[in-house]
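2 protein chains.
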Amino acid sequence: MFKSRLFTPGPTPLLPQVQQALSLPILHHRTKEFRHILTEVLDGLRYLYDTKHDVLLYTASATGVMEGAVVNLLNRKDEAIVVSVGKFGERWVDLCRTHGITTRVLSAPYGQVIDPQDVAVQLEKYPSTRAVFVQYSESSTGVKLNIKTLGEIVCQFPQTVLVVDAVTGLGVMELPVDGWHLDVVIAGSQKALMIPPGLAFASISEKAWRLIGNNRCPSFYFDFRKEREQQLRGETSYTPSTSLILALREALKFIRELSREVLIENAGLLAEATRVAAKSLGLHLFAEAAPSDALTVVCAPSGIDSSTIIKNLKNDFGYILANGQGEMRGKVFRIAHLGYNDFCDTLALIACLELVLRRLGVSVNLGSGVRAAQGVYLRRKGVDG
Amino acid sequence: MFKSRLFTPGPTPLLPQVQQALSLPILHHRTKEFRHILTEVLDGLRYLYDTKHDVLLYTASATGVMEGAVVNLLNRKDEAIVVSVGKFGERWVDLCRTHGITTRVLSAPYGQVIDPQDVAVQLEKYPSTRAVFVQYSESSTGVKLNIKTLGEIVCQFPQTVLVVDAVTGLGVMELPVDGWHLDVVIAGSQKALMIPPGLAFASISEKAWRLIGNNRCPSFYFDFRKEREQQLRGETSYTPSTSLILALREALKFIRELSREVLIENAGLLAEATRVAAKSLGLHLFAEAAPSDALTVVCAPSGIDSSTIIKNLKNDFGYILANGQGEMRGKVFRIAHLGYNDFCDTLALIACLELVLRRLGVSVNLGSGVRAAQGVYLRRKGVDG
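So the protein lines, in turn, are chains A and B.
Counting in the numbering used here, the first sequence runs from 284 upward without gaps.
Counting in the numbering used here, the second sequence runs from 284 upward without gaps.
Among the clues, some could well be false.
Just so you know, same-sequence chains aren't split out, so a pair can sit in one copy or run between any two.
Said to hold, decoys possible - In silico BS3-like pairs for lysine-lysine, Cα to Cα no more than 27 Å straight-line:
(1) K614 x K370
(2) K370 x K597
(3) K286 x K597
(4) K664 x K594
(5) K315 x K597
(6) K597 x K664
(7) K360 x K286
(8) K286 x K664
(9) K536 x K597
(10) K597 x K335
(11) K370 x K562
(12) K408 x K614
(13) K360 x K490
(14) K536 x K315
(15) K335 x K431
Keep in mind the hints are simulated off the structure, nothing from the lab.
Bound-form chain A, shown alone (with noise of 0.2 Å):
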């Protein structure tokens, strides 16, 4: 008898009160009543992310609004540059081209990351860039982008934007969006935000608005102008869905209620908990130099696959992680810390993954994992652990 326990990065588990949201009658969404409602949702995704420029919401996956941003910002044959390090940075080299952009792809190795300067190397070298695109959070390899150093070189060009995929950055990392100069951030429902898949966002800064002018949007369901008209007065154009935007309004005011550097916090305890605990029982990081705090992804020990240790996790305890994606297959795990998985959570997925592992015949010390977990805690708490 156990229960579920999901730990992937995305979809993650629900809150209690999203839960009871979306079981609420159905409304419909041409009311003052409706209108009333997502402009409070969308007052709260400015909370969260820190910004006072329009937050567009879409009823869409996050690669949808993705594609959205691809399509306003740029025409046929505009030049961009695309900051890719594994899955999701190959999907903005896939969305570029399939537009006709012209794409500059700076890639690194799957596990690590790309040296901010290297994108001011190649403004400087073409200097009619009009996008850079990147993700905050890359969750196939589990590295972190310096995307505050990012935002300060690309601020510096006034023809160019700063495109940031952060559907698993946002509520996970700070993400100051005016502070850091960036000009439109992306994010979805089903991560840090603790509600289904089925919404997504994005944040979009004067620049980027100027920068859109009056292009011609190849999208009519992605056309960013026209939407932002309709939202502005608490209106979407086509039919929105309304029961996660009902759950949605829960989630935002249990993080204003929480405030999003608690949340941050909490993401990041996580992270280094199981940081901590995974090389305390031999482990290795798979991206060892600029972790994310939204996902920590191991590889699994010599003569291992993966797919086991995920399998027992699930089968013995009710837990379900992620594999690698693509060549990572059956070579890493993927332990997600976005959403509403608490310390506690976090300490029981520690010591399951040591009984698995022992199971498996691989030599841990019991509770070595997570008493190098509750180290973490208590230093944080500034106790000698």
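Since the structure of chain A is provided, determine the placement of chain B on it from the hints.
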């Protein structure tokens, strides 16, 4: 940021499917549909009780049905024996005395139990004893009574019935009601059944019905004969808590799919792991000799008030544990193993208890309680810990 984690010996966490059932539209109780549901529920209760006899369902606290047992089985001045080893034994005494029963009390100091042979001696001495009242699990002290042997003893006396308060025992420890010759067994909804408080149950053997016979029951609401007639056709005499009955249907479906044996095995694992972990942390158990698997009563380390441990577990991690009752308040804390809590939940609680003790200045080896609990798990799985 943390979740609320209920570890009290009732109420216990709700099953997710119970939460859903509680939000269903209200039913009317004088309908064919409801009769079908109540009949299914009573059948499910007979499965959990492992009995072919009647199980009556009441909209009441278990105390109400305990009183029902007293007033249906006994008339004023009838003789009874109460086995009393804690607060709930004292409740049997209060109930019997309220109704003018000639009550002989066999008591033991808190934390200890009564030898069933002492009951045999009393029954030989007072052959007109009409009922023996006892707890299976005394949740004020954490002991388990030897109900199996008591059943063997009492069934030798054709004019005496054994009445067991199994409120925190049913679904937690082995309890074959017919196999152990138990005449009346009382349970409540908010324990192993994982639904809210508000329903209580009593199984009633043929021997108990014979004793009830044509007694003039002084209670209108708790008249078991009248209620039996109604429930045989899927009705209740008075308006029942229909939403709780829908919830109970879901809980009983879950238990049947899992099997009562696995439900009991889960509580046994949690209980043994907690006992072994507490001892490995240098803590003393209040009920060392005959510990119940429903809850573990742990003594606070010398010089520390258990209220402080309970408060810190709540404020730092969201755990809700019970304090000692009456004179044990401040001296012990009680960790429940019943209901919808699994091994992962218990591992995390142990790790957090270690942290709380350490921060209170108690010398504990971080991770050692978890390690002891992991060892229990591995031994039960046949693996060398």
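Hint check results:
no., hint, in the structure
1, K614 x K370, "within (16 Å within a copy, 56 Å between copies)"
2, K370 x K597, "within (25 Å within a copy, 41 Å between copies)"
3, K286 x K597, "both (10 Å within a copy, 22 Å between copies)"
4, K664 x K594, "between (35 Å within a copy, 17 Å between copies)"
5, K315 x K597, "neither (46 Å within a copy, 42 Å between copies)"
6, K597 x K664, "between (32 Å within a copy, 16 Å between copies)"
7, K360 x K286, "neither (52 Å within a copy, 51 Å between copies)"
8, K286 x K664, "between (30 Å within a copy, 19 Å between copies)"
9, K536 x K597, "between (32 Å within a copy, 23 Å between copies)"
10, K597 x K335, "neither (43 Å within a copy, 37 Å between copies)"
11, K370 x K562, "within (25 Å within a copy, 49 Å between copies)"
12, K408 x K614, "neither (38 Å within a copy, 73 Å between copies)"
13, K360 x K490, "within (21 Å within a copy, 91 Å between copies)"
14, K536 x K315, "within (20 Å within a copy, 43 Å between copies)"
15, K335 x K431, "within (18 Å within a copy, 70 Å between copies)"
Consistency with the previously given hints fails for numbers 5, 7, 10, 12, ordered from lowest to highest.
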